[in-house]
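Please put together the full structure from these sequences, using the hints given.
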Amino acid sequence: MSGYQGKKNIPRITSDRLLIKGAKIVNDDQSFLADIYMEDGVIKQLGDNLIVPGGVKIIEAHGRMVMPGGIDVHTRFQMPDRGMVAADDFYQGTKAALSGGTTMIIDHVVPEPGGSLIAAFKQWREWADGKSCCDYSLHVDVTGWNKGTQEEMEALVKDHGVNSFLVYLAYKDVFQLSDSEIYEVFSVIRDLGAIAQVHAENGDIIAEEQRRILELGISGPEGHVLSRPEEVEAEAVNRSVTIANQTNCPLYITKVMSKSAADVIALARKRGAVVYGEPISASLGTDGTHYWSKNWAKAAAYVTSPPLSPDPTTPDYLNSLLSCGDLQVTGSAHCTFQTSQRAIGKDNFTLIPEGTNGTEERMSLIWDKCVVTGKMDENQFVAVTSTNAAKIFNLFPRKGRIAVGSDADLVLWDPDSTKIISAKTHNLAVEYNIFEGTELRGGPAVVISQGKIVLEEGSLHPTEGCGRYISRKPFSDHVYKRIKARSRLTELQGVPRGQYDGPVCEVTVTPKVMSTISSVKTSPAKQQQQQQQITQQPVRNLHQSGFSLSGAQVDDNIPRRSTQRIVAPPGGKANITNLG
Amino acid sequence: MAERRGNWDKAEDDLPVYLARPGTADQVPRQKYGGLFCSVEGAFESKTIDFDALSVGQRGSRTPRTAGRETGQEAQSPVSDNKISPEGNVSPRVGIRTSGGKEVLQNLGDEKSDRLLVKGGRIVNDDQSFHGDIYMEDGIIKQIGDNLIVPGGVKTVEANGKMVIPGGIDIHTHFQMPYRGTTTVDDFAQGSKAALAGGTTMIVDHVIPDPGCSLMEAYDQWRQWADEKTCCDYSLHVDITHWNDSVKQEVDTLIKEKGVNSFQVYMAYKDYYQMSNSELYDVFTFLAERGGIAEVHAENGEIIAEEQARMLQMGITGPEGHVLSRPEELEAEAVFRAITIASQTNCPLYVTRVMSKSAADIISQARKKGNVVFGEPITASLGTDGTHYWSKNWAKAASFVTSPPLSPDPTTPDYLNTLLSSGDLSVTGSAHCTFSVAQKAIGKDDFTQIPEGLNGVEERMSLVWDKAVTSGKMDENMFVAVTSTNAAKILNLYPRKGRIAVGSDADLVIWDTDCIRTITAKTHNSAAEYNVFEGMELRGAPQVVICQGKIVLEDGNMHIIAGVGRFIPCSPFPDFAYKRIKARKQLAVLRAVPRGMYDGPVSEFSMSRGGTPSASARTSPTKQPVRNLHQSGFSLAGNPALCGDI
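Chains as they are written, first to last, in full-length UniProt numbering: chain S, 1 to 580; chain U, 1 to 646.
Treat the hints with care, as some may be off.
[Said to hold, decoys possible] Stretches of chain S that chain U covers, calculated by requiring three or more beta carbons in the stretch to come under 8 Å of a beta carbon on chain U:
#	stretch
1	81 to 91
2	341 to 353
[Unchecked claim] A few chain U positions that, by computed beta-carbon distances, are all more than 12 Å from chain S:
#	residue
3	L148
4	K155
5	K258
6	T411
7	K473
8	R517
9	M558
Read the hints as simulated data drawn from the structure, not as lab findings.
We treat Cβ as the ideally placed atom computed from N, Cα and C, and that holds for glycine.
As C-alpha cells, then:
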C-alpha cells in the first residue's frame, strides 16, 4: 500500500512530504480521481501526473476513497467533575479519535459556575497543548451570567479564536441559565458573530422528576432516563429555538438524543430558523434499553444527558434525518468515566457522572448505519462527519475539504473492512464500551493528520502534544449570511400618530385591591418600603409603576420600572408621538 | 312583566294557525295507508318517544311544520306576536303566548310562572338534532317529546321548526375586574346582560387574587360582586398568582368546599403573576391529585420583558409595540412547555386564549400524541386579526390590546375556525375584559401600561356561527359542542348545562340562522366605546333566550334582572378529562430494576452536584437592579426592621 522512493532510512513519521496516488477524492459536493501531494501539513497539489520532488513517501490508494479527516465537534476529554477527571485525557482521547478517522476535535471548556471563562479556557489550552495528538479547537460553556461574562466572551472571540458558546438549559442551580439570561447571552453572541450552542433539557422539570423518582425508591440508572423523558428535551429545544429566533441568533443544538427533539429541529428549519442539530455517536448507534440492564456497571456506562431514548427505533430515525439534512453534524460527546467513578452514584442515579464514549466509533458507525444501508452517499457522509462542522465553525475550507491549500488531514477509507467493537480492543481507558459487540462495516485504512501518517495497517503512531489549537473567526459565512440579511429586514418601526388628547384615567400608585385583611398575607415590607422609598424591593409589583400622568409622585426618586431593563432614563427617551 | 302579559292577552285572538299547536293533541282522524301491516298513521302519537322525530331534519308525515302548510291554514288560532321582527322577513317567526280562559284560572293568573313550553323546535344537542317540544318548570327541563301533557296556563313559545340549542357557556370572562384602582367598564350586570343578548346563558369568570393575597378572600370578593349583579348563572375559575403551602391549602379548600375545579396559572407577566417551571410542575401535580383542571395563560414572560425593553428603547411606544414585543412564537413556546409539564405530571391542561396559528398547531399536535389538552380560542382570535394595532387612531389600536395579542397574520381567524371545527380546539370563550378609552390611555406613552382586554361576550355565538357554520366548516351540533357542551363537560357541569335533556337547566336559545346583524359599538350592550368587531356583518343570532326557565330576550327586547344569577359549583374530577388521566395513572407506575448491590471500587469525589453555593447567588450583569427569579416573589419574612412599623 505504501512505499518509499529512495531515502528508506528516513522514519516515515517525520516525513513531511506525502503523495497519495490514484485516490478517489471524496468531498461533500463531488468525488473524482486524482493524486494528492502534501507538504508541511498542507495540501500543495491536486490532480493527475503531479510533479513532485524526489524522496516523497507515496501511498497507493488504488482507487479507494480519500476523504477529509473527520471533525468531532463535541468532545469532553479530561473533563473535571467533582474532583475527578474524565478517564480519557487529551492524549488518550485524541488517539482514539485518530484511530477512528477523526483528525480534529472540538472540546468543551466547562468553567466552574461563577468562575472566569478566560481562566478556564487557558486551563483547557494548557491541558490540550500538552497532550493532544491532533488539531483541536475549543467551545466555551457559559455556565454563569454575571458581571464581566460579556467582556470575557468578547475577549474570547476577539483574542482567543472562540466562536461558539454553549449554554445549559439543564443542571438546575449549577449550570442552568434562566430564559432571560439566555436571551441576553444569545443577544451578545449574535453581536459577536458567534454560534449559540445549547444543552437542551428542561432542568426545572428534571429536578422535580428526579426527586419524585428517588422518592419512589428508584435509585439505579433507569431512574436517570425515567427522570429525563424525551419530551423534556424536545421542550427545551423548542424553547431555545424560540429564543434564538427572537434574538436572531444562530442556534446549534448539541446532543440530539430523541426523535421528538429531532422533529422540533426539523420543523424549525422548515420554518426558516437558523438552527443546527448534532446527533452523537451514541444516539445514532444505540438506544436506552440498556439502562434497565441487570448489570449496574453496564447500565451506568450509558448514563449521559440527555439520555439515550428507550425507544429502539430512535437511532434509525436520527440516521434518516441526518441523511436528509435535517440534522447536519455529528459529534461524539465523548466523556468517559471508569466504573469506579460511576459508582459514586451507585445508590443515587443523580450522582452518576454523565457521558458515553464514541469518538473512535463515530465515523465507522455512520458509515455502517447510513452509507451501507443506502440512506446517504459518500459525499453526504463527508458533509455530516466533517465539512458541515468546518463550515458552521468557520474552519472551512482549511478543514473539511480536500483542496489545494487545505490542511493535510485525510482519511483513506476502506468501505469493506469490518470490525466488532469491544472494550477489549478499543483505544479508551474505560472498561465498558456502549457499542460492545456491534459489528461495523467500513473503517479508516490510513489516517493522515497534519500531513503525517498516524494510522496505517492497523498500527497507530500518534505524537503526544503535536496537536495545534485552531482558532476560529467569528461571523462564519455559512451561518451569518442569513442572519445578517435578516437583521437588515427586521428593522421595526413605530406608527406615527398624533398625540392622544382624550381623557386619561387616573391611576392609583398603590397595587390594585389591597384590602386590609389581605395585606396581612403579603409581605409587610412591601407596602412599607414603597412609602419609605426604599429601592430594594423584595416584590416588584408591575402595577405599581413609576409611570404617572399626574406629575410628581412620592416615589419619583425610585428608578422607574426597575424590573425591566431599560437603558434609557425615565422621561429621557424620545416620544414617538412627536413624530406625528 | 305585568304589562307584557297584558299585551299577550289582548293579542291572543289574532294567533295565526301556523303558530297554533303544531304538535296538537286534538284528535287526528285515523287513516290507513297501504296494506294491512303498514304502520298506521298517527299510531305513535301521544307516545313518549317519537322515533320519527329523532331523525334529523325529518318530521314524519303526520304533523308537518313546513312554512307552506302553516301559511295555508291561517284561521285557527289568534296571533300573539304583533311586533315586526327585526329582519322583517316572512319566514316563520317565534311566537309566545299564554293560554287563556279556563287555563288562566287554573294557573291563578300567575304571570311570573316558571312554566314554559317551547313547541315545535328542532332540538340541537352536540350529538344529534331532533324535533320535540320542551316543557320546563322552575328553571329545569321537565319533559321533552311530542304531545307533552302539561298543566294549563303555561306560557308557550312557538319555535316553528327553528333550532333550539342549549344556551352558550362563555368559559372565560373578566367582568368587573379590578385594575389599578379602577375596574373594567363592564361589571357583572352589564357583562352578563351582553352575554344574554348574544345567546350566552352562563359565564365563567376568572378570580384574580393579587400576588401574595389570599385566594379565598379574592374568591369571596368575586362571589359577592357576582351574586349582587349577574343576570345569568355563573361559575368561577381561580387564578393562582403565587404558590406556597398556604395557597396549596386554599386550593384544596376551594376544590373541596367552594365548587371551583379550574385554576389558571400564568407563564407571562414577569415578576408579577409569572410562575417558574418548578412551580408549574408543583401546581400541576397538586391539581392532578385533587382533580382540578390546570389552565394556563401561555406566553414566555421572560422573553416578553426583554422584548418590551428593547421596543421601548427603540422608541416604539404605541400599541404596535404590544404585538411586536409578544410575537406568536413566544405563545407557541409557552404552550409547548405547558404541555410538556402537564404531560409529565399527568394533569389535564387547558390553554386559555389561543390567539395564533402556531399555538393552535402545537395544541393539535399534542392532542394527536395523546395529551389531555384543551384549547380555547376566543371571540377576538376567531373574528379579527392584529393588523389593527397599526391603526393611526391610537384609541382604536389600543382597544385591540390583549395578551397574547391578536396575530397580525390575517389568515389566523380562518385557521383557528378550521381547527375549532375539526375538534383540535375544544371550546370558545370571549376573554371579555373591556376598558374605556380613558383607561386604555393610561398607556398612551408606553404600550406596556395599556390595560389589556377586549370585548367579545356578546358576539361570540353569532361569530362562531357566521365564521364556522355558515361557511360550512362545522354543523349545528358541533356548534353546540364548541359554544356550550364541551365547556360544560370540562367544568363537570354536564349534563346540567350544555345539553337539552330532561333534568337539565332550562337555559335555551332559539337560534335564528338567517338574521343578519352588523356589529357596532353604537348598539352593543357593552359599556366600552370601541368594539373590536366594528362593522362586521354576522349571520345568525339568538331570537329568544331562555335563562333559568325565564324568557330574557325576545325579538330584541331584553328582560333581565340583575342578581338572579346563581353560582354553579363545579365538582372535581370531570369525566371528560379525568377518565383518561385515571387510566394513565394506573399504567404509569414506574419500577426499579432489582439488581445486586454494586460492590466494586468507588472513586472519591469532592462535592455533590447541585450544591454549588455560588450558583444561586448569581446575578446578571446587565440586570443588576432586576430581581432574581429565584428570589421568591413573596416573602413572609420581609424586612424584619420594617415589620415592626406595621
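- Status of the stated non-contact between K258 (chain U) and chain S (beta carbon gap over 12 Å): 17 Å, holds
- Task: Test the statement that M558 (chain U) is away from the interface with chain S: the closest C-beta pair must be farther apart than 12 Å.
- Result: Per Cβ check, M558 (chain U) is outside 12 Å of chain S; nearest 29 Å; holds.
- Evaluate the condition: distance from the CB of R517 (chain U) to the nearest CB of chain S exceeds 12 Å. Holds, because the least Cβ-Cβ distance between R517 (chain U) and chain S comes to about 28 Å, which exceeds 12 Å.
- Message: Does T411 (chain U) clear chain S by more than 12 Å, comparing its Cβ with all Cβ atoms of that chain?
- Response: T411 (chain U) is indeed farther than 12 Å from all Cβ atoms of chain S, at 15 Å.
- Query: Checking the smallest CB distance to chain S, is K155 (chain U) really beyond 12 Å?
  - Reply: About 43 Å separates K155 (chain U) from the closest Cβ of chain S, which puts it past 12 Å; holds.
- Message: Three residues or more, CB to CB closer than 8 Å: is that satisfied between the stretch 81 to 91 of chain S and chain U?
- Response: holds (count 4)
- How does the coverage statement for the stretch 341 to 353 of chain S fare against chain U, requiring three or more residues with Cβ below 8 Å from a Cβ of that chain? This one holds; 6 residues, not fewer than the three required, reach chain U with a Cβ under 8 Å.
- Item | Reported absence of L148 (chain U) from the contact zone with chain S (all CB gaps over 12 Å) | 49 Å, holds
- Say whether it holds or is violated: K473 (chain U) keeps its Cβ farther than 12 Å from all Cβ of chain S. Non-interface label stands for K473 (chain U): nearest chain S Cβ at 25 Å, farther than 12 Å.
In this structure, every one of the numbered hints holds.
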